[in-house]
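K.L.:
Chain by chain, the residues run as shown.
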Amino acid sequence: MQKESLKQQLQNLSSQISAMHLDHLERKWITISLLVIGFFVGIMTIDAFFHGINPPGKVETVDSASLHLSKEFAEENLGVQVDDQGNITVRMVAGRYSFFPKHISVPAETRLTFRWVSMDVLHGVHIPMTNMSTMIVPGYVAEITTTFPKPGEYPMLCNEYCGLGHNHMWSNISVIAKENWTTPAKLVSKGGPSHE
Amino acid sequence: MNDASERKLILSHFWVAFIAFVVACFMGEYQVLERSGFIAAWDSPSVYFASVSTHGVLMAFVLTTFFIMGFGYAIAASSLKQPLWNKPLAWLGFWMALIGVVLAAIPLLSGKASVLYTFYPPIVAHAAFYIGATLLVVGSWFWCVIMLVMFKQWKQANPGETMPLAMFATAMNALLWLWTSAGVAVEVLFQLIPLSLGWIDTIDPGLARTLFAWTLHPIVYFWLIPAYIAFYVFVPKQAGGYLFSDEMARLAFIVLAVFALPIGFHHLYMDPEQAKGWKFLHAIGTFVVALPTLVTGFTVIASLEIAGRLRGGKGMLGWVVCLPWTNTMVLAVILSLLMLIFGGFGGIVNASYAMNAMVHNTAWVPGHFHLIFAGTTVIMYLAIAYYVWPILVRKPLFSQPLAIVQLWTWFLGMTILTTPWHVLGLLGQPRRISTVVYNNLLTLAWKPYEFMMIFGGLILLGSAVLFIYILAKTQLSASAETVSVTIEFAEPLHAVESLPLWLNDFKLWNKVIAVLMAISFGYPILQFFFMDTSGSSPWGY
Chain A
0 MQKESLKQQL QNLSSQISAM HLDHLERKWI TISLLVIGFF VGIMTIDAFF
50 HGINPPGKVE TVDSASLHLS KEFAEENLGV QVDDQGNITV RMVAGRYSFF
100 PKHISVPAET RLTFRWVSMD VLHGVHIPMT NMSTMIVPGY VAEITTTFPK
150 PGEYPMLCNE YCGLGHNHMW SNISVIAKEN WTTPAKLVSK GGPSHE
Chain B
0 MNDASERKLI LSHFWVAFIA FVVACFMGEY QVLERSGFIA AWDSPSVYFA
50 SVSTHGVLMA FVLTTFFIMG FGYAIAASSL KQPLWNKPLA WLGFWMALIG
100 VVLAAIPLLS GKASVLYTFY PPIVAHAAFY IGATLLVVGS WFWCVIMLVM
150 FKQWKQANPG ETMPLAMFAT AMNALLWLWT SAGVAVEVLF QLIPLSLGWI
200 DTIDPGLART LFAWTLHPIV YFWLIPAYIA FYVFVPKQAG GYLFSDEMAR
250 LAFIVLAVFA LPIGFHHLYM DPEQAKGWKF LHAIGTFVVA LPTLVTGFTV
300 IASLEIAGRL RGGKGMLGWV VCLPWTNTMV LAVILSLLML IFGGFGGIVN
350 ASYAMNAMVH NTAWVPGHFH LIFAGTTVIM YLAIAYYVWP ILVRKPLFSQ
400 PLAIVQLWTW FLGMTILTTP WHVLGLLGQP RRISTVVYNN LLTLAWKPYE
450 FMMIFGGLIL LGSAVLFIYI LAKTQLSASA ETVSVTIEFA EPLHAVESLP
500 LWLNDFKLWN KVIAVLMAIS FGYPILQFFF MDTSGSSPWG Y
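Protein chains in written order, with numbering that gives the first Met the number 0: chain A, 0 to 195; chain B, 0 to 540.
One chain only, chain A, in its complex shape (with noise of 0.2 angstroms):
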């Protein structure tokens, strides 16, 4: 009984829509289109789902007030460490106004995870001509994994308003040809050259 009547409504439905003046070029204009937005959401569907292509998104909080305790984020433990596997973890803290380690180096055509967080407020970080590009919300862990294609030296650039210092909030990204790069020592982050 519901069934029919959702049906008589459906078809109530396709019989004004067919009533309305659908000009033939109209309706032309509009199968075009929306073939043209589902081709666009098709290729961002094929990145995101078979090559894995997304913005950062792992929910995962952290407590900014503290974090010289904790385990992961203590300052011994910033800059880039390499497990078991050879996979390579970039752990950065944000705060007015610089990135901490201040200079780091990690190798080219290398997958790298980088693990950002803030130790104040919102803040924003870029490595002009990459992808790599996240928010730093306070109480939040960024996540976000990517590969440098060519060596060279980049700029990593705070691209979000945290307070009237912000222009100089920027530090070095040094990316080397993946058979130059070595393994840094652990402690390597401990007074790191400055930029200026």
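Among these hints, one or two may not hold up.
Partial pick of chain A residues on the chain B-facing surface, computed with a CB cut under 10 angstroms [what the hints assert, rightly or not]:
no.	residue
1	55
2	133
3	163
4	175
Straight line, CA to CA, 25 angstroms or less: simulated DSS-like cross-link-like pairs of lysine-lysine [unchecked claim]:
no.	chain 1	residue 1	chain 2	residue 2
5	B	7	B	472
6	A	6	B	7
7	B	275	A	57
8	B	510	A	6
9	B	472	B	80
10	B	313	A	27
11	B	472	B	394
12	B	154	B	510
13	A	101	A	149
14	B	236	B	80
15	A	70	A	57
If you're looking for bench data, these hints aren't it; they were derived computationally from the structure.
Backbone N, C-alpha and C define an ideal beta-carbon position, used for all residues, glycine too.
On the provided structure of chain A, position chain B as indicated by the hints.
P.N.:
This is chain B only, laid out in the frame that chain A set:
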């Protein structure tokens, strides 16, 4: 609009909007100058960020809200051909919003609210800033109530009749704004005001950003809909033709309002506090909302073609030449559509989920929204002002040729401003820096583009001043002839005989919106109450 008190109400709204507009244009030019670093003595982050915050609030909240309210009253009174309902309530809304603006302006101008117009907790501004912004929004809610009551009253008085398209879209916009403003209202009332007054100790920036994203996308459609209303109900008539399809226009407004709401996460693509699945869902919705704009482009261009051919245009493009290019409304829509094509292209790039990483928070983004808002949308606000000013002040427009010059310079200035802005973004320049201090080779490539932006901004500033001059001269001139014209609405090519209820009413759509919002924001908001989160203490800047 034969009633002098109604005209005064509408003019008051428009003047607040346009004074905010011209003041903000001066700030804009200062900002491109300061940012370029050409005048070393001007270099001051504290002045710059106070200026950017004020510029954003004036353009995005004051110009838009007051213009939309004034325009809504004009549409309701003229399209329904009945006096405005409850004028005292309308004035109460006006004064509440204006007091809110003044209250917010004090901390903004004294550098106590340099949090930009998108707020950015856990950085906290003076409480007066948030309270002022709240009063502005609450004032606009009175306008929403008046629009929806007039919509309902007219339907009751004219059962079975077709609601005039202009009023249908205006009331839809009022409904859209009530839904839209709910997100930021919750953020301000339950997070920012208590935090700025010290009633609470910490804030969850993740929740605050999610609530702001609720508002952040549909608010741009709230601003855009008056421009689209002009596209549909003024342009065909001014061009000398007919509206291609009335029903399709309604459908476009409905899809616009319904799908503008549940897609705000494209502002959070790069945020860590929301999962990628939700972002993907919102990304699809963002592409769906391109559809009504594509349909609008078709209908408007088809209507213009009808007009061009009626005026003797022949051949494939001959009708373009025959359009009345010296009519302010027609010229504005042509320039507006040109900017919409490029701005829309940029929008598709921004919307493209993971690709957004390349442009997120770079100079590309303000380049995009200046093109699509200050260009596409505001040029229609200007054209609407030229159209209704003689009706409101009952005097002829001071100078038609000057108005045409003004519209062309606005287009030209916007093109020169936003093209290098986009390029700077692709070259990696962050959007919210007050000057470039990076000691890096990359930044050398930025200089010529910053210089071009100063030039574009200067043209825009001159154009804005000319606009105010034309309006003031029109109103203050001692013209002997009294103009007594009324607003004329375009006739559709095919008269609408009967409309299905769902194209003439919002009841169904309100429910659809509620369901979509529950799906797309329900869990993403609730998660903050289940997760083990640590709040952030407030910070100065």
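K.L.:
Name the hints, by number, that the structure is in violation of.
P.N.:
Structure breaks hints 4, 6, 9.
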